[in-house]
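J.: The opening position of the sequence shown corresponds to residue 1 in the working numbering, with each subsequent residue numbered one higher.
Since the hints were made in silico from the structure, they are not lab data. Each hint should be verified, as a subset may be incorrect.
The following label-pair restraints were derived from C-beta to C-beta distances [as the list claims (entries may be wrong)]:
id: 1; residue 1: Val77; residue 2: Glu115; range: 32 to 42 Å
id: 2; residue 1: Asn130; residue 2: Met268; range: 24 to 34 Å
id: 3; residue 1: Asp339; residue 2: Lys183; range: 24 to 34 Å
id: 4; residue 1: Leu315; residue 2: Ala63; range: 27 to 37 Å
id: 5; residue 1: Gly265; residue 2: Gln195; range: 34 to 44 Å
With a straight-line cut-off of 25 Å between C-alpha atoms, the simulated DSS-like cross-links for lysine-lysine are [what the hints assert, rightly or not]:
id: 6; residue 1: Lys70; residue 2: Lys153
id: 7; residue 1: Lys69; residue 2: Lys183
id: 8; residue 1: Lys35; residue 2: Lys69
id: 9; residue 1: Lys183; residue 2: Lys153
id: 10; residue 1: Lys319; residue 2: Lys183
id: 11; residue 1: Lys153; residue 2: Lys136
id: 12; residue 1: Lys104; residue 2: Lys134
id: 13; residue 1: Lys134; residue 2: Lys150
id: 14; residue 1: Lys261; residue 2: Lys274
id: 15; residue 1: Lys150; residue 2: Lys319
id: 16; residue 1: Lys183; residue 2: Lys261
id: 17; residue 1: Lys274; residue 2: Lys134
id: 18; residue 1: Lys35; residue 2: Lys183
id: 19; residue 1: Lys35; residue 2: Lys70
id: 20; residue 1: Lys274; residue 2: Lys136
id: 21; residue 1: Lys136; residue 2: Lys261
id: 22; residue 1: Lys357; residue 2: Lys153
id: 23; residue 1: Lys153; residue 2: Lys134
Where a beta carbon is used, it is the ideal one built from N, C-alpha and C, also for glycine.
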Amino acid sequence: MGKFRYLLLGLIAIPALDQVLRINAESEDHIQILKELERDVDSGVSVKSLLTYFNFRLITLSAVKDFLKKNNVPFTVMINNVQELLVREREEMVHNVEMERKTKSFSFAAYHDLETIYNFMDTLVASHSNLISKVKIGSTYENCPMYVLKRKKTWIDAGIPAREWISHATAVWLADRIATDFKENRAPVPSILSQMDIYLMIVANPDGYVSTHRSATSNPKCHGVDLNRNWDAEFGGPGASDDPCAEDHCGPSAQSENKVKNMAGFIMSHGNFKSFMTLHSYIKALNSWHGTVYKVGSIFHILQASGASVDWTYLLGIKYSFAFELRDTGEYGFLLPADQIVSTARETWFALRYILKYVCDHPY
1 MGKFRYLLLG LIAIPALDQV LRINAESEDH IQILKELERD VDSGVSVKSL LTYFNFRLIT
61 LSAVKDFLKK NNVPFTVMIN NVQELLVRER EEMVHNVEME RKTKSFSFAA YHDLETIYNF
121 MDTLVASHSN LISKVKIGST YENCPMYVLK RKKTWIDAGI PAREWISHAT AVWLADRIAT
181 DFKENRAPVP SILSQMDIYL MIVANPDGYV STHRSATSNP KCHGVDLNRN WDAEFGGPGA
241 SDDPCAEDHC GPSAQSENKV KNMAGFIMSH GNFKSFMTLH SYIKALNSWH GTVYKVGSIF
301 HILQASGASV DWTYLLGIKY SFAFELRDTG EYGFLLPADQ IVSTARETWF ALRYILKYVC
361 DHPY
């Protein structure tokens with residue numbers, strides 16, 4: 001019998017008691033029990049994929065635990081105090097910003113806000129003006145500019161789901177690594193860039209990214225449209241919801257959101273893209289640089305989701321379309337500690353450069 005794993009996230013009314021539970025659904029019976037829990041409107045539980053988050057109140061969390069125990073569904077407390085981790089991460093961000101201002105440096109082993117990332121992009125372009133240019137592809141609903149770093153045609157984006165901070169941080173590291181490897185004539189980057197341009201979008205969802213840096217009390221209960229359910233590829237199918245307050249809300253229609261329109265319009269108008277790669281997190285599943293084991297396969301089987309960007313680009317005819325699901329390995333979820341940024345970025349680059357070289361050698 002195959003083993004199914006669901007992660008249960010308890011967002012509790014008392015911040016100091018926020019918890020994350022890991023549920024090990026080890027049989028079809030367990031899956032049906034979880035679906036029964038899903039049908040309980042008061043629980044707020046939604047069972048949709050191999051890695052799923054469930055939001056509920058303190059009283060519901062206690063009831064969910066009792067329900068799981070009663071039905072012999074094994075679970076453990078994955079994170080005992082979510083708020084403690086969040087506070088630690090925000091304090092570290094403030095400290096890093098102060099240190100960077102004093103030393104006039106940029107730390108790749110830290111998370112940054114949108115303004116700092118955009119400033120980094122400007123600095124990178126200024127330092128490598130013979131190689132890199134910054135292109136504005138449009139603006140968001142909240143009038144945040146959307147930029148790609150260009151250099152022949154492969155697309156890499158990060159941060160469509162705004163809470164996946166490790167994807168933004170990885171993309172920042174990748175931008176610097178590609179520029180540095182080209183400057184220092186380090187294989188295979190010079191060969192790759194002699195054959196193709198790379199369009200690298202570090203922050204695909206700037207509005208959402210800014211929102212994730214606000215305090216918990218200022219964030220609305222309904223977070224809007226999940227941009228990775230809004231693309232015109234099996235829109236509104238399995239793994240997407242028409243509930244405006246669901247985390248996987250697909251929106252009123254395919255490509256209804258400015259950010260998706262901007263990205264899709266840019267890709268279609270520029271044409272001749274040979275590959276498309278989008279960075280996400282997280283999944284406990286690329287034998288790689290640091291030994292993290294990643295799952296490989298179609299998105300439907302690995303993470304059931306309709307309306308995804310990588311499916312849209314594949315249908316558009318971009319043969320090499322990939323979605324990278326980065327760390328965590330199951331301990332922190334989306335709250336990946338900053339000390340794992342560089343190692344995650346390195347192992348991603350290890351795979352990414354192989355794909356880029358392969359695409360150059362096999363464009364059709």
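J.: If a hint holds in the structure, say so; if it does not, say that too.
T.: A quick look at each hint next to the structure:
1. Val77 - Glu115: 32 to 42 Å: With Cβ atoms ~36 Å apart, the hint holds.
2. Asn130 - Met268: 24 to 34 Å: holds, 29 Å
3. Asp339 - Lys183: 24 to 34 Å: Roughly 27 Å apart at Cβ, these two residues keep to the hinted range, so it holds.
4. Leu315 - Ala63: 27 to 37 Å: violated, 43 Å
5. Gly265 - Gln195: 34 to 44 Å: violated, 25 Å
6. Lys70 - Lys153: violated, 55 Å
7. Lys69 - Lys183: violated, 58 Å
8. Lys35 - Lys69: holds, 16 Å
9. Lys183 - Lys153: holds, 20 Å
10. Lys319 - Lys183: Violated, because 30 Å separates the two Cα atoms, which is more than 25 Å.
11. Lys153 - Lys136: Holds - the C-alpha atoms of Lys136 and Lys153 are around 16 Å apart, at most 25 Å.
12. Lys104 - Lys134: Holds, at about 22 Å.
13. Lys134 - Lys150: holds, 6 Å
14. Lys261 - Lys274: Measuring from Cα to Cα gives roughly 20 Å; hence the hint holds.
15. Lys150 - Lys319: holds, 20 Å
16. Lys183 - Lys261: Measuring from Cα to Cα gives roughly 34 Å; hence the hint is violated.
17. Lys274 - Lys134: holds, 20 Å
18. Lys35 - Lys183: Given that 25 Å is the threshold and the Cα spacing comes to 54 Å, the pair is violated.
19. Lys35 - Lys70: Status holds; Cα separation ~15 Å.
20. Lys274 - Lys136: It holds: about 21 Å lies between the C-alpha atoms, which stays within 25 Å.
21. Lys136 - Lys261: holds, 13 Å
22. Lys357 - Lys153: holds, 13 Å
23. Lys153 - Lys134: holds, 15 Å
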